[in-house]
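Number of protein chains: 2
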Amino acid sequence: MNIKDVTASVADEVEIFQQRYKQVLHAQNTLVDKVTRYVLKQQGKQIRPVLVLLSAKLCGGVTDASYRAAIMVELLHSATLIHDDVVDGAEMRRGIPSINALWKNKISVLIGDYLLSKGLLYSLDHKDYGFLHQVSEAVRRMSEGEILQIQKTRSLDISEEDYMSVISDKTASLLSSACAMGASSATSDEATIAALKSYGEYLGLAFQIRDDLLDYTGDSKKTGKQMGIDIKDKKITLPLIYALRHASEAEQKTIRSILKSSRKRAIKSAEVIAFVKGKGGLEYATEVAEGLAAKAVLSITPFPESTAKTALLQLMDFVMIRQH
Amino acid sequence: MNIKDVTASVADEVEIFQQRYKQVLHAQNTLVDKVTRYVLKQQGKQIRPVLVLLSAKLCGGVTDASYRAAIMVELLHSATLIHDDVVDGAEMRRGIPSINALWKNKISVLIGDYLLSKGLLYSLDHKDYGFLHQVSEAVRRMSEGEILQIQKTRSLDISEEDYMSVISDKTASLLSSACAMGASSATSDEATIAALKSYGEYLGLAFQIRDDLLDYTGDSKKTGKQMGIDIKDKKITLPLIYALRHASEAEQKTIRSILKSSRKRAIKSAEVIAFVKGKGGLEYATEVAEGLAAKAVLSITPFPESTAKTALLQLMDFVMIRQH
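Residue numbers (the numbering used here), protein chains in the order written: chain X, 11 to 334; chain H, 11 to 334.
Errors might be hidden in some of the hints.
Given that identical chains are not distinguished, each listed pair holds provided it fits within a single copy or across any two copies.
Capping the alpha-carbon separation at 16 Å, the derived lysine to aspartate or glutamate pairs in EDC-like fashion look like this [to be verified]:
id: 1; residue 1: K114; residue 2: D94
id: 2; residue 1: K116; residue 2: D98
id: 3; residue 1: K287; residue 2: E261
id: 4; residue 1: K116; residue 2: D95
id: 5; residue 1: K55; residue 2: E170
id: 6; residue 1: K245; residue 2: E300
id: 7; residue 1: K270; residue 2: E147
id: 8; residue 1: K114; residue 2: D98
id: 9; residue 1: K270; residue 2: E281
id: 10; residue 1: K44; residue 2: E25
id: 11; residue 1: K319; residue 2: D172
id: 12; residue 1: K116; residue 2: D94
id: 13; residue 1: K270; residue 2: D138
id: 14; residue 1: K289; residue 2: D221
The set of hints was computed from the structure by calculation and includes no laboratory data.
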């Protein structure tokens, strides 16, 4: 299965979205226009606009408001990615140099702000206040979630409950907003919108747990990230949380001291990975992700069969089997 | 004259604003709350909320909407300052360590995003769509203005017209928005709102030209910035633009090559400063600023005398005489 199978059922709508998105991005200033055209070149699977469009299709059909929601979500997502790359000092983004690598930090931050303001003005011009609220709430949750993660990571003390709260805020919030916005662009039925919001939430949670698992199991050639890098960053994710919970006090102490020490990073990662595997942390995290995927599927089970429903189910499958 | 004279006429209102602002900033997360309390400690003259409140008072009286506008403007301004300090790698802000110096870049960017989303949600919750539009437009102009400045600076080719456009976007836009928002929180008369918007625009332009002049004339102990630092950064402002326009081709060539070379920075600044002084660049920029200050005064001349009017006139004076 390929991600293209998922988008095939809304291929025409994605095409229309892309044309409109390009128009919205167009800027008078030549440098702004150059950078935003580069942003388009850099774009990935555009999973968020696809979610908006599929959700709309499932709930009655893609409308003009669906395209506006897709544009708003993608503008916001692009802005946050550009800011993320600045903060992380990332050199590459999806196989080509990052904006900050090419235009330095200052321009990158400004372009992020520009895209964000464009998104706000676009929604305000169309009186899409509901969308604005959804997206602002997602930004608040994304920033709070990341801060909570850093805070908990520093103290090396994060419970499974904390972890679930962090990934709900930092990852699931924008995906569930995208689904809810798509649904509300097609229907005003609250229960239907809530069902899609749930689907997006469970999809996001499962996605993040799978992503965190790839730090332990992934092929770095495929994931594009070095294995164990999150462990080196002292990022404590579900497999490790489970393993620590099922370890003796002595084992916990050893692992915590390995995580705290900043030397011998390669050895450190290998030791932590072996510990997590030994305690069954990978199996546990996989089970949790599978449980969430099942809930995502249940959220949209009541809908009659359609190409959009099939695509959303395939997307959930894709998240669960991806190796990178 | 002191900036306190300006705020004295709205001292009670500023007090109410500060209490409400503190409430809005309060966060559940302990780390977020700690950082936002530090943001409060770091705050400066709060000139933007003061402008909102004075404009409202001049146009009929401070209303609940005036406080909301003041809070929105200050949240946005704080967010942009935090992001600016990250980008510039600034260690200090108003005499105490910057947020990024204390909590690193990642937390700083996230706190900036958090404050921004708080501002958006706050305005959305109160259906302040007009304020949202004003502020989003200001963010767009601020980012575009800064980008245009960097773009023009790189090519060492910026006309007076370009310069005025840059400072209007990057500095005057938020000040004129603050005044217009304050006015529109007290009256719906379009001409009155436009008068305050003009006042804020001229105030902002004059302020930025004065600020750029301080790079040539300022006492670094008072300004807190090293003299000539903008020249070292190749930032070409009005005094230099004027001087270059009145120089021979040979002189232009010499100055441009000094600006391009990255070595001997101290000597470089001294040479450029002497060149600008010799060509009368400082006098010219001062005259332009004075002309803009006169226009700011004219914008509010038709209003009957009041403590708010006096304060706005004093603020314009303060901008013109400040030495730091």
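Here's how the hints hold up against the structure:
In this assembly of identical chains, K114 and D94 lie within 16 Å of each other by CA distance both inside one copy and across copies; the values are 13 Å within and 14 Å between. Proximity of K116 to D98 under the C-alpha cut-off of 16 Å is found in both arrangements, the shortest distances being 14 Å within a copy and 8 Å between copies. For the identical chains of this complex, K287 and E261 are intra-copy neighbours only, at 14 Å inside a copy versus 71 Å across copies, given an alpha-carbon limit of 16 Å. For the homomeric pair K116 and D95, the shortest alpha-carbon distances inside one copy (12 Å) and between copies (10 Å) are both at most 16 Å.
In this assembly of identical chains, the alpha carbons of K55 and E170 never lie at most 16 Å apart, being 30 Å within a copy and 44 Å across copies at closest. With identical chains, the CA atoms of K245 and E300 are never at most 16 Å apart, being 22 Å at best within one copy and 56 Å at best between copies. For the identical chains of this complex, K270 and E147 are neighbours neither inside a copy (34 Å) nor across copies (46 Å), given an alpha-carbon limit of 16 Å. In this assembly of identical chains, K114 and D98 lie within 16 Å of each other by CA distance both inside one copy and across copies; the values are 13 Å within and 11 Å between.
Proximity of K270 to E281 under the C-alpha cut-off of 16 Å is restricted to the intra-copy arrangement: shortest distance 13 Å within a copy versus 52 Å between copies. Taking the shortest Cα distances, K44 and E25 never come within 16 Å of each other, neither inside one copy (21 Å) nor across copies (46 Å). Taking CA atoms no more than 16 Å apart as the test, K319 paired with D172 passes in neither setting, with 32 Å inside one copy and 53 Å between copies. Within a single copy, K116 and D94 get their C-alpha atoms as close as 13 Å, and across copies as close as 8 Å, so both meet the 16 Å cut-off.
Neither within a single protomer nor between protomers do K270 and D138 lie at most 16 Å apart by alpha-carbon distance, with minima of 47 Å and 48 Å respectively. In this homomeric assembly, K289 and D221 never come within 16 Å of each other (Cα to Cα): the closest approach is 20 Å inside a single copy and 62 Å across copies.
Hints 5, 6, 7, 10, 11, 13 and 14 from the list above are not met by this structure, while the remaining hints are.
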